[in-house]
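Engineer: Chain residues, written in single-letter form:
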Amino acid sequence: MGNILTVENVCKTYGNFTALNNVSISVPKGSVFGLLGPNGAGKTSLIRIINQITLPDSGTILLDGEVLQPHHVHQIGYLPEERGLYKSMKVGEQALYLAQLKGLSEAEAKKKLKYWFEKFGISDWWNKKIQELSKGMAQKVQFIVTVLHSPKLLIFDEPFSGFDPINANLIKDEILQLRDEGASIIFSTHRMESVEELCDYIALIDKSNKIIDGKLHEIKQQFKTNEFEVGLISNSKENLLSEISSHFTISTNKEISIDNELRLVIGLKDNETSKDLIQYLNDKAQINHFTEIIPSANDIFLKAVANNG
Amino acid sequence: MGKLKLIIKREFFAKVKNKSFIIMTILSPLLMVGLFSLIVFLNQKNSEEVRTIAYVDDSQLLDSVFINTSSTKYVNLTALGIDEARNEAEKSYYGLLYIPKIDSLNTISTGISFYSEDTPSLSLLGDIENKLEKKIRDLKIEQLNFDVAKIKATETNVDIVTENFSGEKSSKIGSVLRMIAGGGFGYLIFMFIIIYGTSVMRSVIEEKTSRIIEVIISSVKPFQLMLGKILGNALAGILQFIIWMISAGLLLFVVTLIFGPEATNTSNTMGQMNPEVVQQMQQSSVTDLQVALAELKNLPILTMFFSFIFYFLGGYLIYSSIYAAIGAAVDSETDTQQFMMPVLMPLMIAIYVGFSVIENPHGPIALGFSLFPLTSPIVMLMRIPFGVPWWQIAVSMALLLVTFVGIVWFAAKIYRVGILMYGKKPSYKELYKWLKY
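Sequences listed follow chains D and X, in order. The first sequence begins at 0 in numbering that gives the first Met the number 0 and counts up one residue at a time. The second sequence begins at 0 in numbering that gives the first Met the number 0 and counts up one residue at a time.
Don't read these hints as lab results, they were simulated from the structure. One or more hints might be untrue.
Stated by the list, open to error - Cβ pair distances, simulated, as ranges:
| hint | chain 1 | residue 1 | chain 2 | residue 2 | range |
| --- | --- | --- | --- | --- | --- |
| 1 | X | L434 | D | K134 | 33 to 43 Å |
| 2 | D | K206 | X | V394 | 48 to 58 Å |
| 3 | X | L434 | D | E228 | 56 to 66 Å |
| 4 | X | V394 | D | K127 | 39 to 49 Å |
| 5 | D | K134 | X | F305 | 51 to 61 Å |
| 6 | D | S273 | X | E429 | 18 to 28 Å |
| 7 | D | E65 | X | L434 | 24 to 34 Å |
| 8 | X | M339 | D | N15 | 29 to 39 Å |
Claimed, not checked - Calculated from the model, a selection of chain D residues having no Cβ within reach of chain X, i.e. all distances over 10 Å:
| hint | residue |
| --- | --- |
| 9 | S149 |
| 10 | F159 |
| 11 | N168 |
| 12 | Q176 |
| 13 | I210 |
| 14 | G213 |
| 15 | I232 |
| 16 | N238 |
| 17 | F247 |
Cβ coordinates follow ideal geometry from the N, Cα and C atoms, glycine included.
Construct the entire structure; sequences and hints are all you get.
Structural biologist: Listed below in structure tokens is the structure:
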């Protein structure tokens, strides 16, 4: 498949401030790539460099194998975090203008806009001014403008802000559909649950450095702590608890009184396997719940940033 | 290039479709013509008002002075005596002029008084004084047994004809024409820069506050956007000026049709004047008109036209890119104050210097400021009608071009960084840092 975007050793400084320090990422074609990081980590700087809004001090960027050049802006769709539209311009005129700036001819742009406006059920907004629309409505127009020219690479910076849950879902489905149609997507957000839902790959940037990148599930494997959550049913819970704790490390325990269940999170040492644990527990009590604890994107984020600090 | 055209088109229509632009475009000529008509109308009303002045001439010498004109009528109340005449005048006349009985012509000048309800205008008093002085002078000449005709013959009217060394005639009228032409062009540039420079700045601030800027510059270069904005606004401005010129011209034409005959007719007043004087006046006004026409032909019109275009473009581009940079550096219009002063300063200086340039178009001040690029578009244009050596124009234009490139480079840098900066108002030190980003 190859990569739609390759960023190699990019550095960017503003005066004495280093925004990006030797950052490299690769975005595979047809994937949703989560670009994560705390505020001020350098995400926006990187995104602006990819969009050729600013130039890197050093490093190279390849789009679909070619060194990034001005004409590539037509192949990128960018929804910035700081976004808006001309308030006193009509929706249709404005969308046409922005589409033409992305290299579409007027006729093409009209045709595509018609398609998208119908899809979103907003055809009657064409002659309205942006200032007459609500924030969510304006965001829909903004989304359409971003994807209209069918770019190979889409960059969304906090795409769900300003949307109610229904419309956020609508946008999420659209993003996934665009991916299925062959677009690659870079997705920058603080909302970790949407990362879980959408991203195939992630990169985490903190304090100008990339600290993690790769497939989301592989990273999760790296970050798992060999902990298991078990649910046991036993008549003598105290005995069971003390017996288990003499063999394994119990990080949390809680009693569920209704069905006499004992819920424990048990950590295994490197030389122990889940098989050992199941066998041991099976002898002592009835197991009605056994699951490996996989860290969430949120956990990974917090942990990685804390370690980097 | 295609994108620049798109941007120019959008900026142009955004400006032209704006309500305040439409209102200003339509209303300004109406206001101008309305004001003009009002002045003409009031002037007419003023001159229609006829004042009747009563006089008591106890000297019995000056009666022949009081000839009615279109604006002043005289009534002789000498027969009533001063006390009764005062009562009479208070009731029914504008004022009363009293000339006491005198023993000799030498003392007459001191005793004359004027009574009126309100203070008479200086011009009215001056007018009466002039008439009296002239009459008394004639009387004295007679008394001294001089030949009046001979003395009249000594009077000459000196009119100096000025000519430059290459033999071209010029005149005071020519100087006035030059002042009007130069001053007008300079002032036009000044107004245009301020109005449309500010408009560029507002447009930049609007893009920043509406947060559309990042969407746009992910499609086009910031410099393209800035240039498109500047050019689009300039086109809108030129359109507005053309509409103003045409509609003001049309309206003035209509107004002259309505008010014309009275507004321009002076024969009324002339009818009551000495026919000799009238003839002389007519003659002189004819020659003045001829001189003015000749002078108009003498003006370096081609140079003026091309240099107007050049300085207009240069000046507007320099200042509007500074305005664009200011707009990019701040978050709202209220923050622009501290940066506006240094921009307005050279413009104001240029206009002030312009006034003295008109007095002395070739002095060192005129030369200096017509070479200095931030003032040259205004000052040089004011000088050109008076004739400027070609090398000065060349140096001034070269300096303007170099500065233009420098300032646009500098403004584009600030603009590029500034449009993506939100939050606090930058200091000059920070702006300097931006140049190095």
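Engineer: Looking back at the numbered hints, which does the structure fail to meet, lowest number first?
Structural biologist: 4, 6
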